[in-house]
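Enquirer: So the chains spell out like this:
There are 2 protein chains.
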Amino acid sequence: MLTPTAPAPTITIPAAMLAELSRVLGTGLILDEAQRQTYECDGLTNFRAVPGAVTLPRTTAEVQAIVRLCHQHRIPFVSRGAGTGLSGGALPTEGCVVIGLARMNRILSVDFDNERVFAEPGVTNSQVTEAVKHRGYFFAPDPSSQTVCTLGGNVAENAGGAHCLKYGFTSTHVLGCEVVLPTGELTWLGSEHGVVNEPGYDLLGTFVGSEGTLGVVTSVVLRIVRKPETVQTLLAAFDNIGAAAQTVSDVIASGILASAMEIMDHTSIVASEAAVHAGYPDCEALLLVELDGPTAEVNAQMQSVRELAAKNSAAEQRLAQSDAERAVVWKGRKAAFAAMGRVSPNYIVQDGVIPRTALPRVLAQFDALSKATGLRIANVFHAGDGNLHPMVLYDGSIAGEEARALDVSYQLLRLCVDAGGSITGEHGVGREKQCEMSYMYAQPDLAVMQRVRHAFDPHELANPEKLFPTPRLCGERHNGPHREHPLVTAGIAEIF
Amino acid sequence: MLTPTAPAPTITIPAAMLAELSRVLGTGLILDEAQRQTYECDGLTNFRAVPGAVTLPRTTAEVQAIVRLCHQHRIPFVSRGAGTGLSGGALPTEGCVVIGLARMNRILSVDFDNERVFAEPGVTNSQVTEAVKHRGYFFAPDPSSQTVCTLGGNVAENAGGAHCLKYGFTSTHVLGCEVVLPTGELTWLGSEHGVVNEPGYDLLGTFVGSEGTLGVVTSVVLRIVRKPETVQTLLAAFDNIGAAAQTVSDVIASGILASAMEIMDHTSIVASEAAVHAGYPDCEALLLVELDGPTAEVNAQMQSVRELAAKNSAAEQRLAQSDAERAVVWKGRKAAFAAMGRVSPNYIVQDGVIPRTALPRVLAQFDALSKATGLRIANVFHAGDGNLHPMVLYDGSIAGEEARALDVSYQLLRLCVDAGGSITGEHGVGREKQCEMSYMYAQPDLAVMQRVRHAFDPHELANPEKLFPTPRLCGERHNGPHREHPLVTAGIAEIF
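Respectively, the protein sequence lines represent chains A and B. The numbers in UniProt numbering rise by one with no breaks, and the one at position 463 of the first sequence is 463. The numbers in UniProt numbering rise by one with no breaks, and the one at position 15 of the second sequence is 15.
Same shape as in the complex, but just chain A (with noise of 0.2 Å):
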C-alpha cells in the first residue's frame, strides 16, 4: 500500500444525520461495523478504507435526500456501482457515506422507434443487450465486466471494451443523464428524449467520465445499436509482436474499420491457456481482428486482413467457424487478466494509451524496463486505439516487492505519457493514479478542471481525493511540460 505523506482528516456523521438518514431509508442504511466492512475497496484492493455509512437507496428522491443531508453536514460522499473498478474510483473516504446503488436496477422503458433505452443506474451492462436483443438490437460499451459492472459506474469511467473501436466509449452512447448535484439539486445533463446536439455546454460530456466527483447519476437515456449482419474474428499467430502491431497498422491504413483489435503476448497467451484453454496457437504474439457490418463487406474485408497478417509474416491465422468457437476466441482473451495468477503470485494490471503508430517504440521500452527491473511484465492490449494493459507481475510474499512493481507500473505510465499518451484508457485515475495527473497535465489544465469542479461541488464532498492531485498525497511534483505545437515537438507530424 502507498503511505499517504499526512493523516486522512477524521470524518464523523453527526448522530443527527444518522438518524434522519434511518428515517429516510429504513434498512436501506447499513451502520453495522462488519457490513461496512465489505465497501472498504473495490477491483482495486491494495487501496482500503472503511466508510461511516452505507446507503442503498431505491429511488432518485433518496438519492437526492442523502446527497442534502451530506452537502448540509459537509460530510464526503463515495458512490459505488458493482464496485468492479480497477482504479480505486469506488474506494472509500475513511468514515465517509457510501451511497450504493445496486437497487436502483430496474430498466425503465424501452423505445425502439429512437433507438433509446431508459435506465436505472444500478442495471448492468449486459442487462440492456438482453432487454432488447429479441429486437435486433444491442448496447455496444463492452467492459471485461460486463455481466456484473453497472451503467452508473460505465457513466463514473467512460467504460470501453474491446469493441469502442468501432462503436465509441459510453460518452458515445449516453444522450442523458438525470444527476443529483452535490448540493442537493437534481438536473438533466444531455438530452431527457436523446435528441442530438442540445444547446448550451455539453455538461453530459464533461459529467461522463467524470469518476464520481461531479454528482451521482441517478438515471439514464441510452442509445442502442442494431446487430450487424455478420461477425468473424481471425487469430493471427506472429513471431514478434512488432509484426503483430505492423499488422494493425496495415488495416487500419487500408480503411478497414475493424470492431476489435487485440494484441496478446506470450505471457498472456501462457497464462491466458493454462486458465480457460481457449486452444491459442503457441506464439510469441497473437492479433485477435473482429470484423461486423453486411456479410458481403465482411467477406472482402476479412480476405483483405489475412492477405496482410500474410505479408507481415503471420505463423498461422485461423478463422472461428462459429458463434460457439468466436466465443471460446474471446473468453480467452477477457480471462487474461485474472488468468495472471497462473503464472504469477501477484500482478498489477495498468492501463494507459499511446499514438498508435508508436507501439513498437514504446513496447521496447517496456521490455528494457522489465530487463533493468528484474520483473516480468506481461502485455494484452487493444491495439487498435493504441491503449495498453501491461501487466506487472510479482511476488507480495517478498518484502518491498509491491512497492517495486508499483513504482514499474508507474513508470510504465510516463512511458505512455512521454509517447504522446495518456495515462488511463478506460479504467480511469481515481486513487490509483491521482498523482500521475500531475505528469500528464500543465498546471493550468488541472485548475480549469478543478474550477469546474467547484461549479459542481464547491466543497469537494463527491469523491474527495480522487482523480486530482493533492498534497497530501501526491506531495510537491512537477508538473509535465506544456508544449505549444505537440504534433511537431513529438517529431510525429510532417510540417508545413
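A few of these clues could be false.
Think about it this way: if two alpha-carbon atoms lie no more than 20 Å apart in a straight line, the pair counts; the simulated EDC-like pairs of lysine to aspartate or glutamate are [unchecked claim]:
{"#": "1", "chain 1": "B", "residue 1": "133", "chain 2": "B", "residue 2": "115"}
{"#": "2", "chain 1": "A", "residue 1": "166", "chain 2": "A", "residue 2": "185"}
{"#": "3", "chain 1": "B", "residue 1": "166", "chain 2": "A", "residue 2": "395"}
{"#": "4", "chain 1": "A", "residue 1": "227", "chain 2": "A", "residue 2": "130"}
{"#": "5", "chain 1": "B", "residue 1": "311", "chain 2": "A", "residue 2": "273"}
{"#": "6", "chain 1": "A", "residue 1": "166", "chain 2": "B", "residue 2": "113"}
{"#": "7", "chain 1": "A", "residue 1": "166", "chain 2": "B", "residue 2": "115"}
{"#": "8", "chain 1": "A", "residue 1": "331", "chain 2": "A", "residue 2": "273"}
{"#": "9", "chain 1": "A", "residue 1": "227", "chain 2": "B", "residue 2": "250"}
{"#": "10", "chain 1": "B", "residue 1": "166", "chain 2": "A", "residue 2": "229"}
{"#": "11", "chain 1": "A", "residue 1": "227", "chain 2": "A", "residue 2": "402"}
{"#": "12", "chain 1": "A", "residue 1": "311", "chain 2": "B", "residue 2": "113"}
{"#": "13", "chain 1": "B", "residue 1": "133", "chain 2": "B", "residue 2": "323"}
{"#": "14", "chain 1": "A", "residue 1": "166", "chain 2": "B", "residue 2": "250"}
{"#": "15", "chain 1": "B", "residue 1": "331", "chain 2": "B", "residue 2": "307"}
{"#": "16", "chain 1": "B", "residue 1": "311", "chain 2": "B", "residue 2": "284"}
{"#": "17", "chain 1": "B", "residue 1": "227", "chain 2": "A", "residue 2": "130"}
{"#": "18", "chain 1": "B", "residue 1": "166", "chain 2": "A", "residue 2": "115"}
{"#": "19", "chain 1": "B", "residue 1": "166", "chain 2": "B", "residue 2": "113"}
{"#": "20", "chain 1": "A", "residue 1": "166", "chain 2": "B", "residue 2": "229"}
These are calculated hints, taken from the structure and not from any lab test.
The hints should help you fit chain B onto chain A, whose structure is shown.
Expert: Just chain B now, with coordinates in the frame of chain A:
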C-alpha cells in the same frame, strides 16, 4: 429588431489599453469607425452593434496578450471567424473588443499515420479536406458555408451539416484545442496528440459548442476520415411530406446508416429550382438519400432504400448517375436557404430538433401555425436526425411583419421543445435564441451551466449576453417543466 428591456451598459476601452494593443498588434488593430462597422453583425443581420476595437492577431501569443488586457481592464471581447453564423454568436457587444482570427489561417501539420491534422482557427472548413484529399482523406463536418466558414467558428458552434447523420458533428472530429481562457491563461483541452479518451474532465466536449463564451481557440487537432469507395445519391419525389418522413424512419429501422437524408418541401423546391435549376421533380416533398461505403454494400442498401420509397408511394425516383449529377443535386439543396429570396422578400431560417418519430406530427403543427398567422413556412431539413430548418417568409416592407415573423419563428422552436426536442441543432443559440433557453431548460440546468461558465470566465467577459437568458434582454421568463421520467411522460416509450 428586438428591443432590449433596458439599455446596455456603456463600454469604453481605456486609452492605456488601446496603446498597449497597438504596440502588440501594429496594423492588426483597427480603430477606424467605418472599418469597425463592417464587424457589426454576422449572418444574422437583424441584430447589430459596433465594436470599440477590432483586433486581428497572427499568433497565439498575440491572442493571449489581447485577452490578458481585456481581463485586466474588464473589457468584454467577442471572437469571430468568418462571420457566417446564423444565430448572432459573433455579434459584438457595443464598444467591445472583437478578436478576428482570419489571419491565423495556417495548416500547421498533417499526420496521416495517426489520421490527424493540426491547424489554426482561421483555416476554412474546406481547406482541411483540400490538404488531405490527395491521400484519400476528408474532414467530415460539412456546414453549407464550408467554403468560407472557419475551424474556430465550427468549434464554437459545434457545426454540423448534411452528413453529420453518419459522421457526427464537429465535436466528433475535434480531438484537442489550444485555448486562451478568458483570464488570459493558455491551456490545452482534450488531447495534444489526438489520443482518445483522456483522463480528467472532458472539458473539450464542453468547450466545443460553447459559442465563444469559454475562451478563444488558437489551434485545433482534427480527426480526418478516409473517403468511402462509393457514394450514391437518390432523389425520391412524394405527394405528401408524411410519406417522405415515413420513408426516412423505415430506412433507419431497416438498419441502414445513410450518410445523409434530407427533405425539402414544395416551397423550398420551387425556390431552389428558380435559383439554381437543379432539375428537381415538381412535387410536394423531395427526399434525398445518400449512401457511402464499400461498393457491394452501397449497391445492396440502395436497392433496399428504393424498395422502401416505393412502398411509401414515391411518385418518382432518380439515382444520380455521375459525380457531376450528384453535385447538381447537392447544389440545389445547399442553395435552398439563399434561394428563398426568389419567392419571398424576406425570411427567417430557424433551426430546431425533434425526435425523428415526431416528424409528421410537428410538421402538421407548423402547417397549422402558418394557416393561423397567414405567414408562409417553408421546410428544409436533415430528416435523419430530426434537425428541422423551417423558414418563415415575410415582407419587411409591411409594418410589423418582421416582428410577427420573429414571433412565429420562436413559436416553431417551442413546438420542437414541446415534442421533446431542442431549440437548435447546429446554428447555435447566440443572441437570437438566448431567451428561448428558459423555455427549454429548468432553472437548475441553467444554474449549473452558469457556474461552469464562471469557472472559465469569472467576470463574463467572453461573448457576454449570449447563450444564456438575461433579465435585461429577456425579462423574467418562466422555465420549462422539469420532467422526471421524460420518455414516459412524452408517451413515446414502451413501459416495462
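Enquirer: What hint numbers does the structure not satisfy?
Expert: 2, 3, 5, 11, 14, 15, 17, 19
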